[in-house]
Amino acid sequence: MQAEQDSLEKVVCETEVEIKNADGLHMRPAMQFVDIANQFDSDITVSNNETEVDGKSIMQMSMLAAICGTKLKIKAEGSDAAKVISALRELVEEKLFGEPPP
Amino acid sequence: MKFADFVCFKATIPELKARDRDGAITELVSSLGKAGRLGKGKSKGLARAVIKREKEASTGMGKGIALPHVKHKAVKDVIAAIGLSSAGIDFSALDKQPVYSIILLISPVDQPDRHLQAMENIFRHLQHEKFRKFLRQCRSAEQVEDLLREADENSSL
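Which chain is which? The protein sequence lines are A and B, in order. Heads up: the first sequence is residues 187 to 288, going by this note's numbering. Heads up: the second sequence is residues 3 to 159, going by this note's numbering.
There may be inaccurate statements among the hints.
Some chain A residues flagged as far from chain B (calculated, every beta-carbon gap over 10 Å) [stated by the list, open to error]:
no.	residue
1	Val197
2	Gly210
3	Arg214
4	Gln225
5	Gln246
6	Ser248
For lysine to aspartate or glutamate, the following EDC-like pairs were computed, each having C-alpha atoms within a straight-line distance of at most 20 Å [claimed, not checked]:
no.	chain 1	residue 1	chain 2	residue 2
7	A	Lys281	A	Glu263
8	A	Lys242	B	Glu131
9	B	Lys54	A	Glu285
10	A	Lys257	B	Asp115
11	B	Lys98	A	Asp221
12	A	Lys269	A	Glu236
Across the chosen pairs, the derived CB separations fall in these ranges [as the list claims (entries may be wrong)]:
no.	chain 1	residue 1	chain 2	residue 2	range
13	A	Asp266	B	Ala89	27 to 33 Å
14	A	Ser233	B	Gly64	18 to 24 Å
15	B	Ser158	A	Lys269	34 to 40 Å
16	A	Pro286	B	Gln145	19 to 25 Å
17	A	Glu238	B	Lys132	20 to 26 Å
18	A	Lys257	B	Gln129	37 to 43 Å
19	B	Asn156	A	Ser233	41 to 47 Å
20	B	Ala143	A	Asp221	34 to 40 Å
21	A	Lys269	B	Gly38	51 to 57 Å
22	A	Glu276	B	Ala6	35 to 41 Å
23	A	Pro288	B	Gln145	37 to 43 Å
24	B	Ser158	A	Ala208	30 to 36 Å
25	A	Ala208	B	Leu159	18 to 24 Å
If you are wondering where the hints come from, they were derived from the structure by calculation, not from laboratory data. None of these values were measured; they are calculated from a predicted model. Note that the Cβ used here is the ideal one computed from N, Cα and C, for glycine as well.
Okay, chain A solo, but in the shape it has when bound:
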């Protein structure tokens, strides 16, 4: 699920990812996420149903407390938005943050 919307200057991309590693989004995965997010210029927000946070802030990402099975919406706004989405999706759903599944 990936929506792209082109305006004059900024591109907005959104996707939903599922946390698939057994231990969920604890501090180390959150740090990996933030490290990758900070390699891009785009503004990145991540939300569960209740909270929306800055995907570049480790304090805020830790607040999501996403357990295994949680679905998170990632939204990127900026010139490299599409790359953001693909890099973060790979980290979360394909690499599972380098951690084992349940």
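With chain A's structure known, arrange chain B on it following the hints.
Just chain B now, kept in the frame of chain A:
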């Protein structure tokens, strides 16, 4: 989850004697041990495990806060102890600044969700500058307990 659900108020150290990271962690772990919250004889191995985890990646998140943590069989449910240092301690924090408030969190090996819920609670409050400031300014275990209980009642703190 609320602070009162997992913070051991009896183990609070309002002024850490240690001046370095490993010393502060060891002090907090033995405080939890003295409060009777760890399996017997588990303190030493537990402190080592927390320090080992801390060496892999600093839990100094910036803004004067560190959250050393580990999963360990010494506990049956998540338990936390809070230590403060007015002098500041080098935790190799992300922002390279000293740490003044340390929240040590020990989680059982088999309950990753409880660990995340405790983290969620801690970070929800640490977002607020006011909360960080009040925590750092506490001078006694009672003040820490009062602050955390107030935070449990008031989500804007």
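| request: Hints the structure violates: just list their numbers, smallest first. | output: 2, 3, 5, 6, 7, 12, 13, 16, 18, 19 and 25
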